[in-house]
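**Q** Residue strings, one per chain:
Protein chains: 2
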Amino acid sequence: MSCVLCDTDGGQPVWRGAHLRVIRADEAGFPAFYRVIWNAHAAEFSDLSGDERQHCMQAVSLVEQVLREQLQPTKINLAALGNVVPHLHWHVIARFAWDSHFPAPVWAAAQRERDTAREAQVVAQLPALHRLMRERLERWAGQAVA
Amino acid sequence: MSCVLCDTDGGQPVWRGAHLRVIRADEAGFPAFYRVIWNAHAAEFSDLSGDERQHCMQAVSLVEQVLREQLQPTKINLAALGNVVPHLHWHVIARFAWDSHFPAPVWAAAQRERDTAREAQVVAQLPALHRLMRERLERWAGQAVA
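So the sequences go chain by chain: A and B. Take 1 as the starting number for the first sequence in our numbering and just add one per residue. Take 1001 as the starting number for the second sequence in our numbering and just add one per residue.
Looking at chain A on its own, in the form it has when it is part of the complex:
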């Protein structure tokens, strides 16, 4: 069986470690939508060992913290669904009260028109955010368990 997350990065690469990688997803209306993708093929979170789960969630939390510090989003949304692509990946999404779907989940119906000017303001911050995210992940990976 071919798997798109085994065969490709799955988005714009931000950082790659031994066990997982972080990519930016190109999802219309959500300028700060990231995925933490487990490198090895595993379908469910509980297919990982306890140490691997801890490692995975440390990365998810670190990505979340950088998004919060740099973008001050209204809320962070975390999700591991995998119904279509059953290869473990965590969505880490900065949500804003002005985004097209807030407070609904990104998968629900839109609540309003997109605010492309505000989206562009977020996008302008991403190069610096990605540099900081890489620094933090690199430093963490040097000390991490698993």
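No lab work stands behind these hints, which were simulated from the structure alone. We put the CB at the ideal spot given by N, CA and C, even for glycine. Hints are not guaranteed to be accurate.
Label pairs and their in silico Cβ distance ranges [to be verified]:
hint: 1; chain 1: B; residue 1: Q1143; chain 2: A; residue 2: A120; range: 48 to 58 Å
hint: 2; chain 1: B; residue 1: M1001; chain 2: A; residue 2: D9; range: 17 to 27 Å
hint: 3; chain 1: A; residue 1: Q111; chain 2: B; residue 2: Q1072; range: 31 to 41 Å
hint: 4; chain 1: A; residue 1: A117; chain 2: B; residue 2: G1142; range: 46 to 56 Å
Some chain B residues near chain A, calculated using beta-carbon distances under 7 Å [what the hints assert, rightly or not]:
hint: 5; residue: E1044
hint: 6; residue: Q1054
hint: 7; residue: Q1065
hint: 8; residue: I1076
hint: 9; residue: A1079
hint: 10; residue: N1083
hint: 11; residue: V1084
Here the structure of chain A is known, so what remains is to put chain B in place on it, guided by the hints.
**A** Frame of chain A, contents of chain B only:
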């Protein structure tokens, strides 16, 4: 500010520990929809300490494992959104290929009619599943970090 997850259990109580509780949610079409709710009020996952995050995700994984063993779902969906109720709660949802929304997220548009006969077959298994879930959580809580 009043918070529904500070003021109420937030669903059918399954288990309560010192730091978190597990409830069954009554969500139409999803007979095995659980939430792991952090007892103290915290908005974001990264508001918890590292030990608290590990504790929280051990419980999420344990709930997931019991659902997998007992129900053999097509997929588990995990999510911490909190856009409407910003009090940390993890959705742990057993998804079935026959459910009304699969493979779409539960928050998206339905894909087909509900299969209430199959839903009832799942519901019939829940008393035994809840007993097992409580046993596992109780045993784990006796040994857990944080």
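**Q** Compare the structure with each hint and give your call.
**A** Here is how each hint holds up against the structure:
1. Judged by the Cβ atoms, the range 48 to 58 Å given for B/Q1143 and A/A120 holds: they are separated by roughly 50 Å.
2. Here the CB-CB span from B/M1001 to A/D9 is close to 42 Å, at odds with the stated 17 to 27 Å.
3. Taking the beta carbon of each, A/Q111 and B/Q1072 are about 36 Å apart, inside 31 to 41 Å as hinted.
4. A C-beta distance of roughly 54 Å is found between A/A117 and B/G1142, which places it inside the suggested range of 46 to 56 Å.
5. For B/E1044, the suggested interface contact is upheld, since its CB lies about 5 Å from the closest CB of chain A, less than 7 Å.
6. Restraint check, B/Q1054 versus chain A: the minimum CB separation of about 6 Å is within 7 Å; hint holds.
7. Interface restraint check for B/Q1065: the shortest CB-CB distance to chain A comes to about 5 Å, inside 7 Å, so the restraint holds.
8. About 5 Å separates the beta-carbon of B/I1076 from the nearest beta-carbon of chain A, less than 7 Å, and the hint is met.
9. This hint holds: B/A1079 has a C-beta 4 Å from the nearest C-beta of chain A, less than the 7 Å allowed.
10. For B/N1083, the shortest C-beta to C-beta distance to chain A is roughly 4 Å, which falls under 7 Å, so the interface hint holds.
11. Hint on B/V1084 holds. Least Cβ distance to chain A is approximately 5 Å, under the 7 Å limit.
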